[in-house]
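Following the hints, complete the assembly by docking chains B and C onto the known chain A.
So the protein sequences, as listed, match chains A, B and C. Position one of the first sequence corresponds to residue 6 (the numbering used here), numbered consecutively onward. Position one of the second sequence corresponds to residue 14 (the numbering used here), numbered consecutively onward. Position one of the third sequence corresponds to residue -8 (the numbering used here), numbered consecutively onward.
Hints in this document: simulated from the structure, not taken from any laboratory. Any given hint could be a false lead.
[Said to hold, decoys possible] No more than 30 Å apart at the CA atoms, straight line, and that leaves these computed lysine-lysine pairs for DSSO-like:
1. K239(B) - K42(A)
2. K8(A) - K182(B)
3. K42(A) - K135(B)
4. K154(C) - K135(B)
5. K154(C) - K72(B)
6. K135(B) - K97(A)
[Unchecked claim] Every beta carbon over 12 Å from chain C, so not counted as near; a handful from chain B, in silico:
7. T20
8. L21
9. W22
10. L32
11. K72
12. L76
13. E79
14. I161
15. D184
16. N186
17. E188
18. L194
19. K239
20. L242
Glycine is no exception: its CB is placed at the ideal position from the N, C-alpha and C atoms.
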Amino acid sequence: MVKKGVQAAKYFYIALIFIFLYAPIVTLVVLSFNASKSRAVWGGFSFRWYAALFQNSEIISALSNTLVIAFTSALVATLIGTMACVAMNRMKKLPRTLMMGVSNIPMLNADIVTGISLMLLFIALHFSLGFVSVLLAHITFNIPYVVLSVMPKLKQTNRSTYEAALDLGATNLYAFRKVILPDIFPGVLSGFLLAFTMSLDDFVITHFTKGPGVDTLSTKIYSEVRKGIKPEMYALSTLLFLSVLILLVIVNRRSDKTAKQ
Amino acid sequence: MNNKRQTLWNHLLATPYVLWMAAFIVIPLFFILYYGLTDADGRLTLSGLAQITNPVNQKALWLSLELSLVSTVICLLLAYPLAMILRSLQMNSTSFIVLIFILPMWMNFLLRTLAWQTLLDKTGVLNTFLTGVGLPPQNLINTPAAIILGMVYNFLPFMVLPIYNVLIKIDRNVENAARDLGANGFQTFLKIILPLSLPGVISGITMVFVPALTTFVISDILGGAKILLIGNVIEQEFQILNWHSGSGLSLVLMVFILISMFVMSKYDKEAEGTAIW
Amino acid sequence: MKTYFIKTLFVPLSGLFSKKRLTSVLTAAALLTVFGLGLSLLSGCGKEYDLYVYNWGEYMDEDVISIFEEETGLKVSYDTFDTNEDMYPKVAKNAVRYDVICPSDYMIQRMIQDDLLAEINFDNIPNISNIGAQYLESSREFDPENKYSVPYCWGTVGILYNKTMVNGPIDSWSVLFDEQYQDNILMQKSVRDAMGIALKYLGYSLNTTNEAELQEARDLLVAQKQSGVVQAYVIDQVRDKMIGNMAAIGVIYSGEAIYTQRENSDLEYVVPKEGSNVWIDSWVIPKNAKHKENAEKFINFLCRPDIALKNFEYITYSTPNVAAQELIEDEDIRNSSVAFPDSSVLENCETFQYLGEEADNLYNQLWREVLGE
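Looking at chain A on its own, in the form it has when it is part of the complex (with noise of 0.2 Å):
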């Protein structure tokens, strides 16, 4: 009977911080189908909002800006990264030690300290404001992920295997390749997946760094909270999600079947 209770109330708990958690969410979609303009008023369910969604060209091309720039940076800081940790792997402790604490510098400053750094670095060098800073900075701030990913697979793999390799007349490429990269590759792809996010979830620095012409979503949303917000984002907004919930689901569903076989 007590712990059905508690059992019952566990639940509970779980349940009240679900709301908390989704509440907002739930507003969004439900506002993505207001009929009116106005977040303030419930004008009917339209799917009008989703039509004008893809008449919008601001919202798509931020869209695209935001998943070009998440694309683009996360792959050259997986590049960037895997090599400098395969160098850095053999390093002496000293510089290594010192190469690591530099690097963990942009994710454990605030956010707003590496934005502003970056926008007087690129002023300084009147270098203008745009894409391509913007993109500078995104690279920047994902190595640093990709080391954290990369680096525990790199110290699990067994170095002598490489040597050995090298010694039978392998190039340092060939040996890589066959040698060290399955071993590391879960973390390669994981360090690249999560590169992708932050730099998609990123607004701070992306708010210091831009120039005119370059929106991600983001700082399109930002500066539409000023001025109320278009409700074409909300509808981009729930099926960006409604993907993200299905492809979760995909992959969940697919790794347990595979476990089970």
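Chains B and C in isolation, oriented as in the chain A frame:
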């Protein structure tokens, strides 16, 4: 010969990142240091740093510290029981936690915060509900409480997950042994679970505290610009081109971040090198 | 700050990346990539534009831009700012290059002083003849030779109030300091506008540099905030909040009055009897513009009567384009005292002047003290 080739290869691999770090991490920070310690004519001065003694800025800093501390405490109070419950339910942790905590993060954080505006507004969802059941409408939006709510909402996962991760690693046998030796539930918690989960709690605290301290977006959206936090001050300084005072204030802010980082690293044994999966 | 992400969120997530699941994760990543690349091909991102426009938020009918793009074949990048003070540093620091910008009077004066603006070649703007002579005349206050600017919109700053939520008609700034409107007043989050209102109410010039007068204005605004009447300091949000009945009184630019009344008939706009600010926003071309000729083409396009009319109907800000004024079909609007006020309303109104760096810093400092209170 092999060694020589190896070193060369190594240098080749490390060079891009070393250059990258120098250009985009180290040099930019020196810019902040430079602007923070000089005036418009390039003379060395402490006036940038001294901006923090300006009563308005000082008030903003104290308020930020206060709000972020309160949010951190609330996060801890909400998260610890939750982590304990999640542990006791022994679910398929991966999919459950991914679903419950990570999914909201895929909706843009500005939009999620903005949704709270809709919920808390004067004629918003909550107040409509309150008046609907015959209660007086509450003044919710544009108050410090709304900002705290925004912080708790956005940073709660960062408190739950580290605590949960530490808790699930605690061996059940240790707990059982304590019980066998006559400890009651409360004693077991106090003597076994709590001390063992402390690293998770500490990292959770710093993880919530630092972003809450430096935010300017949450206060902007949920505070109606009536409440000035240190992040807002810095953002505005750069907005009106006061790079010197803005950088000076950033340097002051970094002191607090450094303190949190230091505290965290003390408790953080798996900082670098251990495999996380 | 973000190591938490690795160690917390990522530990549970990493379960997804085990070798068993690799195929599905790879499929997901590949799908995302294809999606992203497809989209980028569709919209050609990171591309170069032929014209970079920098305008106030909600200050142009987006169809107007599409028509311009269609007619000229030029690709337009359109960015917005919230206040003159936000816009200025971006242009001044040379960090970004816009081709055509729409600042207000006093800011144009400052930009001319700071040598940031290029002289407009009026040979490329024959449609300037549609602009009323009186507006070019008043532009001389900030652009003495009419060399740098082409008027776009003009108006006043006043009070928008909800008739059902206030007692009797309003005609004075004093309501903004009336304690019966607890948490019901929306103020402008813009330094000159906010300080200007307080100065006008106190009977001073809104261009004063007298420190005592400014401090009095600051004290008034601080007292206003402390008394709890201010619901929020906002800019463009005044409009939505007033339409949604979320506040009784808001400080707003005259151009929003017609639009908001259309959406919510309880709203009324008034220029207080103590006087206010009368302003002109004009198009200028910065010195560092890369596409000056396209910018002139754009300005000329906006001065075309049919385009100015279309724009006016969307943004409802008073247009100095006399030819467009005559085209307005709705008689109520053509004769509206809000859209086109007669001179008696403007008697006590002043135009903002640029007051120099020192006064600017003083204004900013005092305004910060209000916000930080």
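Any Cβ of chain C at or closer than 12 Å to I161(B), or is the non-interface label fine?
Given a closest Cβ separation of 17 Å, the condition holds.
Non-interface claim for E79(B), where every Cβ of chain C lies beyond 12 Å
holds (14 Å)
Does the no-contact call for D184(B) survive, Cβ to all of chain C over 12 Å?
holds (18 Å)
Can the restraint linking K239(B) and K42(A) be considered satisfied, given a maximum Cα separation of 30 Å?
holds (26 Å)
Beyond 12 Å from every chain C Cβ - status for L76(B):
Check fails; 9 Å does not lie beyond 12 Å.
Looking at T20(B) again, its CB stays over 12 Å from all of chain C?
holds (30 Å)
Separation of N186(B) from chain C, once the least beta-carbon distance is taken, above 12 Å
Non-interface label on N186(B) holds, nearest chain C Cβ at 22 Å vs cutoff 12 Å.
Holds or violated: is the Cβ of K72(B) farther than 12 Å from all Cβ atoms of chain C?
Answer for K72(B): violated, closest chain C Cβ roughly 6 Å.
Minimum C-beta separation from L194(B) to chain C exceeding 12 Å: can you confirm that?
holds (32 Å)
Quickly compare the C-alpha distance for K154(C) and K135(B) to 30 Å and report which way the hint goes.
At roughly 18 Å apart (the allowed maximum being 30 Å), K135(B) and K154(C) satisfy the hint.
Does the no-contact call for L242(B) survive, Cβ to all of chain C over 12 Å?
The claim is violated: L242(B) sits with its nearest Cβ about 10 Å from chain C, within 12 Å.
Status of the stated non-contact between K239(B) and chain C (beta carbon gap over 12 Å):
Since the minimum Cβ distance to chain C is about 6 Å, K239(B) lies within 12 Å and the statement is violated.
This entry does not satisfy hints 5, 6, 11, 12, 19 and 20, going by the numbered hints stated previously.
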